[in-house]
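Q: Using my numbering, the letters of the sequence shown correspond one by one to residues 214 to 346.
Mixed in with the good hints, there may be bad ones.
To be verified - Using C-beta positions, here's what the derived DEER-type ranges look like: (1) D218 to Q313: 32 to 38 Å; (2) G244 to D218: 30 to 36 Å; (3) T226 to I323: 31 to 37 Å.
No wet-lab data here; the hints were simulated from the structure.
Where a beta carbon is used, it is the ideal one built from N, C-alpha and C, also for glycine.
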Amino acid sequence: MRESDSRGRHTSTARQLIVLPESGVLIDTPGMRELQMWDAGETMGGTFGDIELLASDCRFRDCRHRQEPGCAVRAAVETGGLTAGRLESYHKLQGEQAHQSRQADQRAQIEERRRWKVLTKAANKRMKEKGRD
214 MRESDSRGRH TSTARQLIVL PESGVLIDTP GMRELQMWDA GETMGGTFGD
264 IELLASDCRF RDCRHRQEPG CAVRAAVETG GLTAGRLESY HKLQGEQAHQ
314 SRQADQRAQI EERRRWKVLT KAANKRMKEK GRD
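All chains should be built: construct the whole structure from the sequences, respecting the hints.
A: In structure tokens, the structure reads:
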């Protein structure tokens, strides 16, 4: 503990990947506050292929598998062919993917505005210089 502010210092640098006995992994990365998903488009089909297969029998092509009538995925949950927890994980990953897409779009919009600001400033400066000549 530091005497100047009575706080500890994080000095651990070792990283670990621990395989859990019940099909999972735990990643210990000291100092890292969060992990974010990056383009899970193919992961959805690969990880949730069973849900994608069931979804092909849904009444509506744009079925979200929540309250829509004729949803084959919800029917599979009701009959026990699919666990509610699995569908919940699917919805959660979809939500995270949608959030990531919105964030990427916001960053792209900010970058585009910044780029135009720089270009406009340069054009205005050039016009002022031309006016003085």
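Q: Each hint should be assessed against the structure and marked as holding or not.
A: Structure-based check of all given hints:
1. Checking the proposed 32 to 38 Å range against D218 and Q313 shows it holds: the Cβ atoms sit about 36 Å from each other.
2. Here the CB-CB span from G244 to D218 is close to 19 Å, at odds with the stated 30 to 36 Å.
3. In this structure the supplied range 31 to 37 Å holds for T226 paired with I323, their Cβ-Cβ distance being about 33 Å.
The earlier numbered hint that this structure contradicts is number 2, and it is the only one.
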